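Colleague: Now for the letters of each chain:
2 protein chains.
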Amino acid sequence: MHKTISLVAGLILTHPGVSVSAQVAPAPNGIEFPADYADWRVISISHRIDNKTMRVILGNDIAINAARNGHTMPWPNGAVLGKVVWKQMSEKSWPDAIAPEKFVHAEFMFKDTDKYASTAGWGYARWKGPKLKAYGNNATFATECVSCHTPVKDNDYVFTKPAPMYTMPK
Amino acid sequence: MHKTISLVAGLILTHPGVSVSAQVAPAPNGIEFPADYADWRVISISHRIDNKTMRVILGNDIAINAARNGHTMPWPNGAVLGKVVWKQMSEKSWPDAIAPEKFVHAEFMFKDTDKYASTAGWGYARWKGPKLKAYGNNATFATECVSCHTPVKDNDYVFTKPAPMYTMPK
Chain R
1 MHKTISLVAG LILTHPGVSV SAQVAPAPNG IEFPADYADW RVISISHRID
51 NKTMRVILGN DIAINAARNG HTMPWPNGAV LGKVVWKQMS EKSWPDAIAP
101 EKFVHAEFMF KDTDKYASTA GWGYARWKGP KLKAYGNNAT FATECVSCHT
151 PVKDNDYVFT KPAPMYTMPK
Chain Y
1 MHKTISLVAG LILTHPGVSV SAQVAPAPNG IEFPADYADW RVISISHRID
51 NKTMRVILGN DIAINAARNG HTMPWPNGAV LGKVVWKQMS EKSWPDAIAP
101 EKFVHAEFMF KDTDKYASTA GWGYARWKGP KLKAYGNNAT FATECVSCHT
151 PVKDNDYVFT KPAPMYTMPK
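Residue numbers (the numbering used here), protein chains in the order written: chain R, 1 to 170; chain Y, 1 to 170.
Here chain R stands alone, though its shape is the one from the complex (with noise of 0.2 Å):
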């Protein structure tokens, strides 16, 4: 592992107020896994009825203030937007409700509009399964990325909008 982290280490990209892990091996673009995204705050929740898989989008600290204070068009640089997957599962005690069941991978889009303006302004990563292998042969992989996100190019390549959660009375 020492081997692997000294071998990247020329590529390793840093993101503010993002940890990240030595234990994962970064994604074929040189970004790290940010191992503290399991603590960030929700900005919305999502459901794909055609591969039956269910969603939490979370955000660090930048991603979060800007969606609270609708600074989303665009996201600004510093930006981490995370997308936890699970496939679903019936509830057993609510067999009209669906919940998560195995954890199918955790993906990112790290928003730098210099350091990824090859990929529009987002830097993406994914890592599947339990065991977070990191998605991608080689750094080309993020054009698969980037062209499923083109039809959101006008949403700053952002399919999420983030969910209301009032906490106050307007």
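Among the clues, some could well be false.
[To be verified] Derived, one-sided and incomplete: chain R residues facing chain Y with beta-carbon distance under 7 Å:
hint : residue
1    : 35
2    : 47
3    : 49
4    : 56
5    : 86
6    : 90
7    : 92
8    : 97
9    : 117
10   : 135
11   : 162
12   : 164
13   : 167
By construction, these hints were calculated from the structure, which means they are not laboratory data.
Owing to the predicted nature of the structure, the values given are computational and were not obtained by experimental measurement.
Beta carbons are placed, not taken as given, at the ideal position from N, Cα and C, and that holds for glycine.
Start from chain R and add chain Y according to the hints.
Modeller: Below, chain Y alone, put in the same frame as chain R:
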């Protein structure tokens, strides 16, 4: 508002680690609105097919620590579970996906086996709509909550199972 606050002052229940808002009326059983719930971390998500609502289940620090360490049978005193509920809508840019539309309510379970002995160890509260109107006409409203949760009595009255959120390889 000051009048309301002083009238209920004798009934206000406090909970460790939970800040409360003076601008939202407490539930009829005296439970205060946890004003910081939007900053809590994720335990799971769920989707009710029957009434087309989606939800994220959050936890205060005590609940998150319990969930991550498997200490949920029973949940420890001081744990608070929060559920944020939205009506669903189709995602315009991904028709096979659904996402939150309007905020329906935020509802909570406060674990305290002594204080809430009369409702099986949990204090229940719900605030509806963007104005966060407290649910229930009087303190007996919680019998409805307990009744609905009784099918999961053997799971400490909790429907939610913590969703796996891998952050390190096993």
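Colleague: Each hint needs a verdict: does it hold in this structure or not?
Modeller: Status of the hints after comparison with the structure:
1. 35: At about 6 Å, which falls below the 7 Å cut-off, the nearest Cβ of chain Y leaves the hint on residue 35 of chain R intact, so it holds.
2. 47: 5 Å, holds
3. 49: Because about 5 Å separates residue 49 of chain R from the closest Cβ in chain Y, which is inside the 7 Å limit, the hint holds.
4. 56: Nearest chain Y Cβ about 5 Å off; hint holds.
5. 86: 6 Å, holds
6. 90: 9 Å, violated
7. 92: 9 Å, violated
8. 97: For residue 97 of chain R, the interface hint holds, since the closest Cβ of chain Y sits about 5 Å away, which is under 7 Å.
9. 117: 23 Å, violated
10. 135: Status violated, d = 14 Å.
11. 162: 9 Å, violated
12. 164: Constraint on residue 164 of chain R satisfied, holds at 4 Å.
13. 167: 5 Å, holds
Taken one by one, the earlier hints fail for this structure at numbers 6, 7, 9, 10 and 11, listed in ascending order.
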